[in-house]
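Participant: Based on the hints, put chain B in the right spot on chain A.
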Amino acid sequence: MNVEPVPEEPQRKERRPDGAAFVIAAVLAIIAVVIAWSTATGGNSASYSRIGPNAFPYAIAGVLLVLSIWTAVEAWRGEFPEREAENVGPIIWIVAGLAGQMLLLKTTGFSIATGVLFALTARGFGRGPLWMTVPLGIVISLVIWVVFSKGLQLSLPAGPLENLF
Amino acid sequence: MDTFALLGHGFLVAFELQNLFYALIGVTLGTAVGVLPGIGPALTVALLLPVTYKLDPAGSLIMFSGIYYGGMYGGSTTSILLNTPGESASIVTALEGNKMARKGRGGPALATAAIGSFVAGLIATMGLALIAPTIVKFALSFGPAEYFALMVLAFMTVSAAFGDSTLRGLTALFIGLALGLIGIDLQTGQARLAFGIPDLLDGIEVTTLAVALFAIGETLSVAAARNSSEDKVEPVKGSVWMSREDWARSWKPWLRGTFIGFPIGAMPAGGAEIGTFLSYSVEKQLTKKPEEFGNGAIEGVAGPEAANNASAAGTLVPLLTLGLPTTATAAIMLAGFQQFGLQPGPLLFATSPQLVWGLIASLLVANLMLLVLNLPLIGLWVRLLSVPKPWLYAGILVFATLGTIGANPSTFELGILLAFGLMGYILRRFGYPIAPVVVGLILGPLAEQQLRRAMAINQGDPMALVSSPIAVVLLLLALAAVVVPLVLRARGKGKVLAQLAADED
Chain A
1 MNVEPVPEEP QRKERRPDGA AFVIAAVLAI IAVVIAWSTA TGGNSASYSR IGPNAFPYAI
61 AGVLLVLSIW TAVEAWRGEF PEREAENVGP IIWIVAGLAG QMLLLKTTGF SIATGVLFAL
121 TARGFGRGPL WMTVPLGIVI SLVIWVVFSK GLQLSLPAGP LENLF
Chain B
1 MDTFALLGHG FLVAFELQNL FYALIGVTLG TAVGVLPGIG PALTVALLLP VTYKLDPAGS
61 LIMFSGIYYG GMYGGSTTSI LLNTPGESAS IVTALEGNKM ARKGRGGPAL ATAAIGSFVA
121 GLIATMGLAL IAPTIVKFAL SFGPAEYFAL MVLAFMTVSA AFGDSTLRGL TALFIGLALG
181 LIGIDLQTGQ ARLAFGIPDL LDGIEVTTLA VALFAIGETL SVAAARNSSE DKVEPVKGSV
241 WMSREDWARS WKPWLRGTFI GFPIGAMPAG GAEIGTFLSY SVEKQLTKKP EEFGNGAIEG
301 VAGPEAANNA SAAGTLVPLL TLGLPTTATA AIMLAGFQQF GLQPGPLLFA TSPQLVWGLI
361 ASLLVANLML LVLNLPLIGL WVRLLSVPKP WLYAGILVFA TLGTIGANPS TFELGILLAF
421 GLMGYILRRF GYPIAPVVVG LILGPLAEQQ LRRAMAINQG DPMALVSSPI AVVLLLLALA
481 AVVVPLVLRA RGKGKVLAQL AADED
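Protein chains in written order, with the UniProt record's numbering: chain A, 1 to 165; chain B, 1 to 505.
Looking at chain A on its own, in the form it has when it is part of the complex (with noise of 0.2 Å):
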């Protein structure tokens, strides 16, 4: 692996306000006023200790919301590590796998949603055809669910499939 040299001073080196920095620490501090507002509005606290149900989660709102101030400057600053550019397309893949599954469970069955998962993933990863790998996925899936829900007795969602044995 070729390495260029780094720069003898890296600090040098402008660094500028990391965008998507910023959104994380929108993110923390949307967190925290959740936490703070559901604890707020969640019932009844009429408790007799000082420390109730309601104080941890204030107190973690709190910290959420420092936190989130700390991240903007280090954002600001451009103080987050460097990060390479990624493909986008392996993820979509990969997130319609598990979507997909989730969604199949509960009509067809584990082996057929599974099978899907297994296809999409392998996709991700650039291989296919997906007409060969979902059979393939689905064979395999069903030899899991004969192990595990007739072996181990997990129950494992049932479909069509499954009922044959």
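Please keep in mind that the hints were generated in silico from the structure rather than gathered at the bench.
Predicted, not measured: the structure shown is a model, and the values here were computed from it.
Even for Gly, the Cβ is constructed at its ideal location relative to N, Cα and C.
Any given hint could be a false lead.
Stated by the list, open to error - Have a look at the derived ranges for each label pair, beta carbon to beta carbon:
#1 B/226 - A/16: 18 to 28 Å
#2 A/96 - B/291: 45 to 55 Å
#3 A/147 - B/202: 20 to 30 Å
Facilitator: Chain B in isolation, oriented as in the chain A frame:
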């Protein structure tokens, strides 16, 4: 009863035929999964936890400890034969081990790693057995205030002390703590942060979170990486046996590594990495052949590998005696205990000694099994290493979702898995550590419980938290764990800390 009598009883449990069988399955599965590239011990135990759901507590924990030790062994095989280490603690092993494999000395490298792990596992597990009763006796005098202080210390060492950024460590921890709030409050029964969704009332499952962050997050970042070179598996040429010289050069590093790794693992400081780095630099100082370091020195494999396993056994000390997980792996093991309603800690030694001592004895048995299993079967493990990436990661996701579906076959749970998987990818991309999220989720509610107990006992007087010298010392240590690294980083000495970062395990 003294320790040895208790341990003897433990062996009676461990030698029951079915428990031996569970241990054997555990070490085999653990090694097989641990050897796969990209899967560390934390993910190994998270993936295999569902396998143990239907067993009785003793059998399940025995299988589980086998999985834990097996995962550690498997990781070293990966890092020697493949340049990308399967677990972060093995990075150091990869430095010298991979060089040895390239020179055709892969066999002795694997052998010294396996035997070193065995020696370290043996001594460190005995250390665990000897030290545990003392800590338990000490811990029985702890009140809620001391426990709370101890947990704060664990939070800070896991999140802020190591790694390249205090901010990102703390952020990861507080994300975990915030997730821990979700569900029904243990003491009042009040629902918190459930937003009216019934599925959220039970809280977030530790295994779901761990599997999502480690398996799905890792898969997404590997898939998205642009310049991924195909990893080359070094073939094991020649004999796996070590020559007389190899033995002579290995035995001292094994022992030194063990005595470096065990105390570090046993302290609530988290991570096997520190021990392996220390051991590596010690061996580099002491070696008679410094020219070999960097080109495949056997001491550089033997020492760190022993330190790695010794500190893995060491993390069981705070986990079993105090109920305090200091690594992501330990956090998942704690979840494994909790599924049977068991809370590790001093009381567990009193209420179910046969379980605890059976577990410790099983660790020794598992350790021996691994030595027997590993060297002859090395060819099989090597074949597992060369599974092409698409099939490997497709398989990982199948098993990752299998565990979640097996525990709770609901669409909602899979949605949570997907959401946390994306979160895991983002955390990786922006350089956030993963372990503090998992530790925060499981330890947060326990810390809150201790805090509220401490307050309730003392009529809500906050001074109760600092009324005992032990609690004060622990809290000061926790403060130091945050402040000292901040100062070091500000002075530009952060690189050393970044190297010691606990990435996964």
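Participant: Compare the structure with each hint and give your call.
Facilitator: Against the structure, the hints come out as follows:
1. Look at residue 226 of chain B against residue 16 of chain A: about 22 Å separates their beta carbons, and that is inside 18 to 28 Å.
2. Taking 45 to 55 Å as the suggested C-beta distance range, the pair residue 96 of chain A and residue 291 of chain B conforms, at roughly 53 Å.
3. As the Cβ distance of residue 147 of chain A to residue 202 of chain B is approximately 28 Å, the hint placing it in 20 to 30 Å holds.
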